[in-house]
Amino acid sequence: MPLLKPVKWALAFSVMIASASCRTTEERAVVTTEVEQERDTPTGWLSELIRELEQEDVANPPAKVYRYTYNEQEVYYLTSRCCDVPARVYDTDGNLLCEPEGGITGEGDGRCPDFLDTRTNETLIWEDKREYN
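Once you know that position 116 of the sequence shown is 116 in the numbering used here, the rest is easy, because the numbers rise by one and skip nothing.
If you are wondering where the hints come from, they were derived from the structure by calculation, not from laboratory data.
The model shown is predicted, which means the values in this text are computed figures rather than measured ones.
Any given hint could be a false lead.
[Stated by the list, open to error] Simulated restraints, written as ranges between beta carbons of each label pair:
1) E74 x E48: 27 to 35 Å
2) G94 x N121: 18 to 26 Å
3) T43 x E107: 15 to 23 Å
4) T123 x D93: 15 to 23 Å
5) G94 x L116: 15 to 23 Å
Glycine included, every Cβ here is placed at the ideal spot set by N, Cα and C.
With these hints in hand, go ahead and build the complete structure from the sequences.
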């Protein structure tokens, strides 16, 4: 009889471990997606910029924000949204680094002429999904 108690504990422990690891593939996908979204969710100045864009009229083409690596640093790129409105590149603190395209000449402000050719590690952070009227 003394052996029965450890066997019950071992069985109970095994059932507990098995049930804890029995997430479905869909549940694991949801958890993975939530972690990825948390990592990619903008905070601080970038969240504020996105809120401001959402308050404006829909641009044509719609606004998008990407994260890139440029000159060995993480940067955020707000696409050019129309005509002469320049695209903007910000550092992680929200400081405007340059305007690589757009403006009156279409060539931006000249402070990062190689941005479009040398940027890497593209990640779409946000896009305006509202319909343009």
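Status of each hint after checking the structure:
no.	hint	result
1	E74 x E48: 27 to 35 Å	violated, 18 Å
2	G94 x N121: 18 to 26 Å	holds, 19 Å
3	T43 x E107: 15 to 23 Å	violated, 32 Å
4	T123 x D93: 15 to 23 Å	holds, 18 Å
5	G94 x L116: 15 to 23 Å	holds, 21 Å
Violated hints, in rising order: 1 and 3; the structure is consistent with all others.
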